[in-house]
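Q: Residue strings, one per chain:
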Amino acid sequence: MGSIVCSKVSQGHIIENKALSKDFYLMKVDLGVGAGAPIRPGRFFMLRSWGTEPVLSRPISVFDADGATVSFLYKVVGRGTKLFSGLKPGDAITCDGPHGNGFPDNPAGDAAGVSAHDGTAGESGGGTTGDCGGDTTGDAAGVSAHDGKAGESGGGTTGDCAWDTTGDCTGDCAGDTTAKHIGRTKIAMVGGGVGIAPFYLACKVYRGLYPDMRLDVYLGFSDEGILIKEYMDVADKVTVNVGGFVTDDVDAAQYDAILTCGPEIMMRVLYQKYLASGSGAQFHVSMENRMACGIGACLVCTCKNKSGNKKACKDGPVFPGHEVFGFA
Amino acid sequence: MNKQPRQYTRFAGVGFKNPVVLASGTCGFGRELAEYFDIRRVGGLSSKGLIEHPVAGNDGIRIWETASGIMNSVGLENPGVRAFIDHECEWINSLGVVNIVNLGGHSEEDYIKGLYMLEAGQTQEPAAPKGPALGAVSPTGRPTGDGAPSVNLSSEQATATTDAAVSATIGDPTGNPSPGQATAVGPRFDILELNISCPNVKSGGMNFGVKTEVARPLVRACRAACHHPMVVKLSPNAEDIVGLARMCEEEGADGVSLTNTYLAMAIDIKSRKPVFNNVYAGLSGPAIKPISLRMTHQVCKAVGIPVMGLGGITTWQDAIEYIMAGATCVQVGTATFMKPDMCLDIIDGIERYMEENKIGSLDEIRGCV
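Top to bottom, those sequences are chains A and B. In this text, residue positions in the first sequence follow this note's numbering: the first is 1, and each later residue adds one. In this text, residue positions in the second sequence follow this note's numbering: the first is 1001, and each later residue adds one.
Zero decoy hints are in this set.
Keeping only pairs whose Cα atoms sit at most 30 Å apart, straight-line, the calculated DSSO-like set for lysine-lysine is:
#1 Lys304/A <-> Lys273/A
#2 Lys1273/B <-> Lys306/A
#3 Lys18/A <-> Lys229/A
#4 Lys1270/B <-> Lys82/A
#5 Lys1270/B <-> Lys22/A
#6 Lys82/A <-> Lys18/A
#7 Lys82/A <-> Lys28/A
#8 Lys314/A <-> Lys82/A
#9 Lys1270/B <-> Lys273/A
#10 Lys28/A <-> Lys18/A
#11 Lys82/A <-> Lys1273/B
#12 Lys314/A <-> Lys273/A
#13 Lys204/A <-> Lys18/A
#14 Lys1273/B <-> Lys304/A
#15 Lys306/A <-> Lys273/A
#16 Lys229/A <-> Lys204/A
#17 Lys1202/B <-> Lys1273/B
#18 Lys1273/B <-> Lys22/A
#19 Lys304/A <-> Lys1202/B
#20 Lys1270/B <-> Lys304/A
#21 Lys82/A <-> Lys204/A
#22 Lys304/A <-> Lys314/A
#23 Lys28/A <-> Lys204/A
#24 Lys229/A <-> Lys88/A
#25 Lys1301/B <-> Lys1211/B
Treat the hints as calculated values from the structure; they're not laboratory data.
Using the sequences and the hints given, assemble the complete structure.
A: Structure, rendered in structure tokens:
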């Protein structure tokens, strides 16, 4: 196949592709272009390292990006991600993106009293997004991209075995471990399975934009935790739940914004909990739908939202919680 | 922009700069793909399937990958004909590609209402269709070299009065398709592609295009209401696709396109349920190409009207096969999901093939098999 000349499509090369656990991989790709505009957390690329079979490219959300390289966290769930897992440094991969609307520049909105745009926000253009990752399209095995089990494997050992190694509070907010406190915006990012992916970049971006923002990350896994050290490096607090319900660990009332990505059941439970708490937080959901074109032309990833049909790939994948869970 | 007069193709009186058309449902209205490549290079664009009214589409999973294919169950989600006229139609015209409007419906009334909007630019009661402009079914400047079709006008059509004088679109042989036909008040477009593969609510959801005699009155009514060149898109689920194509010719269609997707199924063995809420879904992609090619060949041998071939076309070689089977134009659908500008690879591949084999016109190989 000839190469496409388009700023959206890069013929990338694998820098590193390492197994993190039985099914999870972290793949770093050299996009082969100079430093482009910063990529917002929650956006995704359509990735492809083969010709015509399997038919569909795989939408994978951005785990990290520095302009010239992009890292992707993915779980092997189907033919496409299986092929990704076999890629070696130097191998070619077509990276079409970033696509979609990611998490907002200011997740807490004006309500939190944080200045919305401080310069970098301008890159946006509309952008935002991200699908949360995984092999959402054509996984023949029918496994959803997010490992899916994080929310459903109910019986597990719940326990909120939080790896709260950083302590509730870092430096400047001495002692105030509970409710929100004046002047410091608190953000919860709740990810299940491969849905944790966008929150690594989110922490880095928000830290850069709002140095005082309190960033709490909740990671839910069905059987084995990954990347915990990496998240600890960028978040103020990391809570890990293996085999249980990560949603049990979140006290929605103490946050100004809650961002979530993962199995729909997990996100829905979190949303219900948030409603019940009476929290005034902003709630942002990254929807995972199977995609084909990834650019808004084919209508296979439609989310039937409160305000009508939305394209997960183009209008989303990040939506306000009330848009997707606030009805029906 | 490359001029490719070598590939210039006439279909139902309409000039295409090349025979490659973006298939309905895989390219939206072209806006997204236009961000990837010079979409003006394609021969034509068949719009996302429209229905007279907006449709929200199906719930549940809409796409499923198979071996060399995909199944989809979008459920005719579309913004409605009105929104197309107001927001999309002129944009497609501005690209200089043949503007093919794909129209479906859940009942004959839907189709007729949609056609009225497209022809008159406004909603009218379907009870009083005035009949076609004769020029539309018998355009001057018929394509040559594709069988010199004879058009059988039904007596109803032959005696119909013309209320919107429409002359057939004649493309500019220099490679720029003509801008289409203008009715007094309707939008400008070039060809109507009638999707008869929609579930018919009056027959328990069975696709209009399965039984020839169920499809006939629909095609006849649409022919009477359609003043543009009309192509009927055939379902491979038809009991007799050759009979269906012959019927379309008898009823005055200017061409047929085939095939639409194949009724197919997938089961989630974990939940022990069908993957799709509708149980069955439409299969497309390379997996179906040999079957659609065979059907295209059979239909081309049986009818005099021109044929647009589609089904799994992914490479230029696939396109040439369809043309050798008799297709006048080819449509590219699922392959666009593999690579947004696959259509350009196909156009460029056909060009190289023609050059290397000293083929001056696709007519030289069309239908050679």
